[in-house]
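Take the given structure of chain A and dock chain B to it, following the hints.
So the sequences go chain by chain: A and B. Numbering-wise, this note's numbering puts 67 at position 67 of the first sequence, and it's gapless, one number per residue. Numbering-wise, this note's numbering puts 42 at position 42 of the second sequence, and it's gapless, one number per residue.
These are computed hints drawn from the structure, not numbers from a lab. One or more hints might be untrue.
[Said to hold, decoys possible] With a Cα cut of at most 27 Å, we get these calculated DSSO-like pairs of lysine-lysine:
#	chain 1	residue 1	chain 2	residue 2
1	A	Lys150	B	Lys138
2	A	Lys150	B	Lys167
3	A	Lys52	A	Lys138
4	A	Lys167	B	Lys52
5	B	Lys150	B	Lys52
6	A	Lys52	B	Lys167
Protein chains: 2
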Amino acid sequence: MITLYELKGAGGRLYSLFSWRTRMALAHKGLPFESHPVPMSDKAAIAFSGGKTVPILRDGDTVVRDSWRIAEHLESAYPQAPSLFGGSIGQGLCQTFNIWADRTLVPAMLPVIVTDIHQRVDPADREYFRTMIEGILKTKLEDTLAGRDKAAERLGRTLDPLRAALKRQLFVCGESPAYADYIVFSVFQWARVMSPFNVLAEDDPVAAWRERMLALHSGFARNVPVA
Amino acid sequence: MITLYELKGAGGRLYSLFSWRTRMALAHKGLPFESHPVPMSDKAAIAFSGGKTVPILRDGDTVVRDSWRIAEHLESAYPQAPSLFGGSIGQGLCQTFNIWADRTLVPAMLPVIVTDIHQRVDPADREYFRTMIEGILKTKLEDTLAGRDKAAERLGRTLDPLRAALKRQLFVCGESPAYADYIVFSVFQWARVMSPFNVLAEDDPVAAWRERMLALHSGFARNVPVA
Chain A
1 MITLYELKGA GGRLYSLFSW RTRMALAHKG LPFESHPVPM SDKAAIAFSG
51 GKTVPILRDG DTVVRDSWRI AEHLESAYPQ APSLFGGSIG QGLCQTFNIW
101 ADRTLVPAML PVIVTDIHQR VDPADREYFR TMIEGILKTK LEDTLAGRDK
151 AAERLGRTLD PLRAALKRQL FVCGESPAYA DYIVFSVFQW ARVMSPFNVL
201 AEDDPVAAWR ERMLALHSGF ARNVPVA
Chain B
1 MITLYELKGA GGRLYSLFSW RTRMALAHKG LPFESHPVPM SDKAAIAFSG
51 GKTVPILRDG DTVVRDSWRI AEHLESAYPQ APSLFGGSIG QGLCQTFNIW
101 ADRTLVPAML PVIVTDIHQR VDPADREYFR TMIEGILKTK LEDTLAGRDK
151 AAERLGRTLD PLRAALKRQL FVCGESPAYA DYIVFSVFQW ARVMSPFNVL
201 AEDDPVAAWR ERMLALHSGF ARNVPVA
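Same shape as in the complex, but just chain A (with noise of 0.2 Å):
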């Protein structure tokens, strides 16, 4: 039995950028799981694990923490099953773009959305929410909201060389997707599930690809409540 320890929104919403990764990891080698939200700010709820963010993997007896730790698991764990990076060149190079993504993607899309997310965080969670964001950006939300036009116009600078890529390929990997794809895609799937900001332009690749992601694994990601 599989147990993904993820993020819990209001209504429903399952808000965590990084779960996100995990999920697609697990629809990817068809592996079922069962999902257990905690309100961010219930650290009591993940002390088990050692660490105090989600996702955490309970596989059996094994506790792993992070999403790329995660993913490592599941590949070595269930070699028969899909591949999430199709060997030791690709996984090695498939972190390196993990971190990437993390330190470009994710900063550019966060302050487009993130008054969205502070309205559709668990009720719990509010005040917890705000100040921990404000610490990180530096600045009030009631400000990063005033700033979202140019912040998205930042986003769309940022995504200039995946649509590059979109435009020669169907996926980040290639023909068909796997695990750098749940890593970019995870940044819009955040933004879909909380936002409900136009992050995409309707004809740009992108969105595109995005609409294929949501059609993966029976509309695996689709199927979920949203902004």
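For chain B alone, coordinates are given in the frame of chain A:
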């Protein structure tokens, strides 16, 4: 017989960054080749290729242009030699990474070293290069030089994700180098061949990785004329 058409700099310097991707790919595959350096302004010399830029690879009767297409050619034509991508997932992700590097690392490095490049191109290319590059940068070379310290700071920030990745693993592709390493290395080799400017601090993990890259294939990239 394989022939590589690449850029001819002053004093035997080989400075086409994209050709360095091909050079390293050929060394990785263990394929001997003959270098055919041409001045940048001599478009007649490469007209046979149907294009106006190097690298161009002539492999028997096959002519391939564009470093990415050349890498794909080498991988499919020499499948028994060490792989550049490690399979289809790695190859797809590598194409995305290639575009990402071209649109982030290359433009971050260019203003830091461009005035030094100008002084080291083939003498016949001096004016051609200035006109071309001032058109691309929309600035006089002298003004680009005046802004070098700021450009170097921007480069440092652009390298942050790579720096973080190389703290976790020895190479961009994990435990061993593969084509994505050559993509990034080409940008540093371009700088090394043409500019005395220190683009990396000695204690930078990226500098340690660059040393590992220079040691590959019997010092293949180290033992060339440099700035």
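* Hint by hint, work out which the structure violates, then give me just those numbers in ascending order. => Result: hints 2, 5 break, sorted rising.
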